[in-house]
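Use the sequences and the hints to build the structure in full.
Respectively, the protein sequence lines represent chains A and B. If you count by this note's numbering, then the first sequence holds residues 199 to 432, one letter each, in order. If you count by this note's numbering, then the second sequence holds residues 783 to 1567, one letter each, in order.
Source of the hints: derived by calculation from the structure; they are not laboratory data. Possibly wrong hints are sitting among the right ones.
As the list claims (entries may be wrong) - In silico lysine-lysine, DSBU-like type, Cα no more than 35 Å apart, as pairs:
1) B:1040 to B:1560
2) A:324 to A:226
3) A:226 to B:1560
4) B:1560 to A:221
5) B:1560 to B:799
6) B:799 to A:324
What the hints assert, rightly or not - Partial pick of chain B residues on the chain A-facing surface, computed with a CB cut under 7 Å:
7) 940
8) 1196
9) 1293
10) 1466
11) 1473
12) 1475
13) 1480
14) 1553
15) 1556
16) 1558
17) 1560
Every residue gets a Cβ at the ideal spot worked out from N, C-alpha and C, and that includes glycine.
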Amino acid sequence: MTIELAGVWKTFGEGHTAVNALKDIDLKGPQGEFTVILGPSGSGKTTLLNLVGAIDNATRGRIEVGGTDLAQLGVDEQVRYRRENVGFVFQFFNLIPTLTAAENVELVADLTASDGAARAAEVLAKVGLADRMHHFPAQLSGGEQQRVAIARALVKQPPILLCDEPTGELDFETGRMILQLLQDISREQEQTVLLVTHNSAIGDMADRVLRLRSGEIVDDTHHASPIAAGALTW
Amino acid sequence: MVSPLQRKLWRDIGRHKPQFIAITITIFLGVGIFGAAWDSYTNLIASYDQTAIDYRFANLTVAGGDTQAIADLAAAEPRVESVEMRTMVDVPFRIEDTKLLGRALGIPSSEQPSVNRLDVSAGEYPTNGDPSTLLVEDHMADHFGLGPGDSFDILVGDAWQQVTVGGVALSPEYIWPARDRQDIITTPDNFGVAFVPEELAEQITGSGPNEVVIYYFGGEADEATTLSLTTAARELGAINIYTRAEQPSNNALTEDVKGLEEMAVFFPMMFLAAAGMAAYVMISRLVHAQRPHIGTFLANGFTRGQVLRHYLGYGLIPGLLGAIPGAIVGVLLARLITRLYTSILSIPLTIVDFYWTTLLGAIAFGVVASVLAAFAPALVASRVLPAEAMRGETPSGGGRRSLLERLIPPLRRVPTAWRMTLRGVGRNPRRTIYTIIGVVLSLMLVLVSWGMIDTVRNLMDRQFVEIQREDATVFFTGPTATDDVAALVAIDGVAAAEPALTLPVTVSANGEHYETALMVLPDDTELHRFADVDNGWIDLPQRGVVLGQATRDLFDIEVGDSVTMTLADGLSVAAPVAAFVDEPLGTMAYVGRTQAEALAGTSLPATSALIAYDEGASAATLRNTITELTQVAAFEDANVLYDLMQRFMILFYAFVGVMLVFGGAMAFALIFNAMSVNIAERTREVATLLAVGTERRSISRYITAENMLVAAMGIPLGLVIGTLAASAALGSFNSDLFTFTLYIQPTTYLFASLAILAVALISQVPGLRAIRRISIPKVVKERSA
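In structure tokens form, the structure reads like this:
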């Protein structure tokens, strides 16, 4: 699924307190591309991700995903768009503490499929948690929790995966393992991935690296042959 | 100068305004009710006490026996200040077309009596020596529109004698116009009091004084004097002896005021407990959410004491904001209630004092409840380890399968979202428990209030429909032959008439005495039923006396034990107790006519007749027809009495209605806070679910279901505890005058439960609206959502 942004602005606040988080962003991302968005805090990375995920609206400009103009979507259509097209992975995992790993994934699987439990088990096995699926989040390590979060994002088989600092809370080894997982799965399922991080080393695993500063794209680099995430160092 | 920490405190409160307002209002209500009820109670008791002193209300009244000897004996007692002999006689009055049971009380013709003085509100105290000029009691004057110069008739001997109203008077003995302890509720059409020159009273009785009224120094009770005089008076043949506390009017009023005292404790306790729990839930959540801030404070050099004090502030502020105005409004309201009460009951003296202790006590109660609620979370805050706290939010619970899933395995297969709902119930056990306690408290308040309505309605139906089955009671001018009673059936519209003989009697057993009325009824009476406390409905036994159940505890006796009944003429009869009956009003003694006549050795007359109407008969016509009969002194329509009681109940219903509204407000405050916190605590979960495409209404449904499940869990417990509380609250009103047996209609349980669920549902609305305002991008990115 292609992603296309044209002249996108996002402004928070009004009047003299207004802050432009994104300024006139133009971007075209083909289907299956793994894009890493780099930038310091406050550069607009997460805002960009949120706009593509339709959990926030642009102030100006046009965002089209798979030919759909997100600005034209009503509240219910935004929900449907997210449900059918987008998988989110958050920095803080955001798992439901009262549900087991399998149930956290199943909860989302049920939104789009009738065989949610089977699909959840399948995806959890894919992320290496077949033997941990009946554990509750508090019984899992940080890396395991993030893998559950990835499984939750993938279970709907969304064409777009949006990852916001997915390794921000993890140690180096675990972080690298998570990135490898994301890389493998996105290649396998031909998903378009937007991954936000402040860690520039992660850019080496991406097909494309966007650098943002103060809401503007200051660099747009394509990698012809990105390295395997497992080989990253930082 | 306001410190940054204080600014934080106020801003935090501002951010959680609705929750803190809910706590403040609950404290306000609790403290307000305390102030209003306690000061009203204190003022009314003070008013009664002062009235008793100013009007020299008798400490002891002795009827019957050797009056002169009793008076002499009393006068010799060192603690006795005044003794008065007088004549008291029940005699028919005729005011225009209405005949009623009158009571003539002898008063000195030269000056006010030294005991039981009168407050002459219109006209003058009769000192002209004319025995036919008298004072009428305020209630009777008011009902019949009597004033100075008016006249009515009193039956003296066989002839009606016209008397002139010299004035209208209030008496401490008839503030509540009760005929006697067994007949607390009368209609003004049926009973009235006149204070007549002693000469006229003696003319009516045809003998000398028959009562001694005794006033102790300063009007103060003295148990030793009372015991000594009572014992001596009984030996001198006294038949009816009662202290000021037992005096019918005073007793009825004291029982009534006792309700305010109960209210001053029971209701505020519930409100303050509810406010405390709401504050606890709210402040615990704040502390949990602010762990990183607390860590930062501590890391930057704040002392644990400072942190403790800071979080105690979250309890102190709503405590002060609720308690100060609550106490002021309560105390002011008490003045209004006192004046309203004394004016409705025509209490001669109204004392409205300002009691600093109530004001300060009320504020202290409110503040202490709120600060205590804040203490546990504040202590937790002060004990936080800075390094740990700054690492972020600790996981809120490990998560586990719900009890329901473990008990009912098929529930494990319900959709995941509903499993989340089930598990949410046990996620924060303490909060769940507090919400359940909130529901229990709310149901208690509702059931205690509503239970009172149901019980009193049931009590009235039981007394006036099931037990007293007569449509009217006809009182005769004197002892009347039973044949005359039978003749009443000949009157068109009268279906049945039964003779009744009512005699004042002292029942004694195990050294205790109880003055009551003995009612002799036909063995097969159809118009009065007997509800045996152990065996349900029974017939009047062939042998033995049937007693009201209050005597069982008073005498410590059981069925089969013997009691002695002493009649006014001094005649004593021993009889076994055949049964104890459950009668809501009064504590009477009953025997069958055959047995009574066998004991007397002669046939007995009737003093009244119980009559039943033909279906469709006009009560008004019957009243006119029957009261025209010369032997008839008064006609009491049971329906009028029933309606009168219903009218009295309106104030009671209004009070209970207010309590129900307050209960609803309390339930709302408590449940609202618990629900708000529940929703606030899972903001990130909600945002995550929204981000993955779950509809807001689905999330609202899950959360609503979870909260309603918690509320529903509290209902069975609330119904049980509410019923026990209602029973205890009503039990405190039980006396020989009233027996309150709790009765709550099944529909009351149903409606009370539905009302609480409705409140729980409504109280979620603000929280669920907040879900709509959740900023997904902000929340999913924040460490502490």
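Going through the hints against the structure:
At most 35 Å may separate the alpha-carbon atoms for a hinted pair to count; residue 1040 of chain B and residue 1560 of chain B exceed this at roughly 58 Å. Proposed proximity of residue 324 of chain A and residue 226 of chain A is supported: the alpha carbons are some 30 Å apart, at most 35 Å. This hinted pair checks out: residue 226 of chain A and residue 1560 of chain B have alpha carbons roughly 26 Å apart, not beyond 35 Å. Between residue 1560 of chain B and residue 221 of chain A, the direct Cα distance comes to roughly 20 Å. Compliance with the 35 Å bound is thereby established for this hinted pair.
Only pairs whose Cα atoms come within 35 Å are accepted, and residue 1560 of chain B paired with residue 799 of chain B is accepted, the gap being roughly 22 Å. Between the alpha carbons of residue 799 of chain B and residue 324 of chain A the distance comes to roughly 47 Å, so the proposed pair goes past 35 Å and is violated. For residue 940 of chain B, the suggested interface contact is broken, since its CB lies about 90 Å from the closest CB of chain A, more than 7 Å. Of the supplied interface hints, the one on residue 1196 of chain B is violated, with its beta-carbon coming no nearer than about 11 Å to a beta-carbon of chain A, more than 7 Å.
Interface restraint check: residue 1293 of chain B against chain A, minimum CB-CB distance 68 Å, threshold 7 Å, status violated. Against a cut-off of 7 Å between C-beta atoms, the interface hint on residue 1466 of chain B holds, since the closest Cβ of chain A lies about 6 Å away. Checking residue 1473 of chain B against chain A: minimum C-beta separation of about 5 Å stays under 7 Å; hint holds. Taken as an interface hint, residue 1475 of chain B checks out: its beta carbon lies about 3 Å from the nearest beta carbon of chain A, inside 7 Å.
For residue 1480 of chain B, the interface hint is violated, since its Cβ never comes within 7 Å of a Cβ in chain A; the closest pair sits about 9 Å apart. Given the 7 Å rule on beta carbons, the hint for residue 1553 of chain B is violated: about 13 Å separates it from the nearest Cβ of chain A. At its closest, the beta carbon of residue 1556 of chain B sits 10 Å from a beta carbon of chain A; the interface hint therefore is violated under the 7 Å criterion. Of the supplied interface hints, the one on residue 1558 of chain B holds, with its beta-carbon coming within about 4 Å of a beta-carbon of chain A, less than 7 Å.
Violation of the interface hint for residue 1560 of chain B is found here, the shortest Cβ-Cβ separation to chain A being roughly 9 Å, above the 7 Å cut-off.
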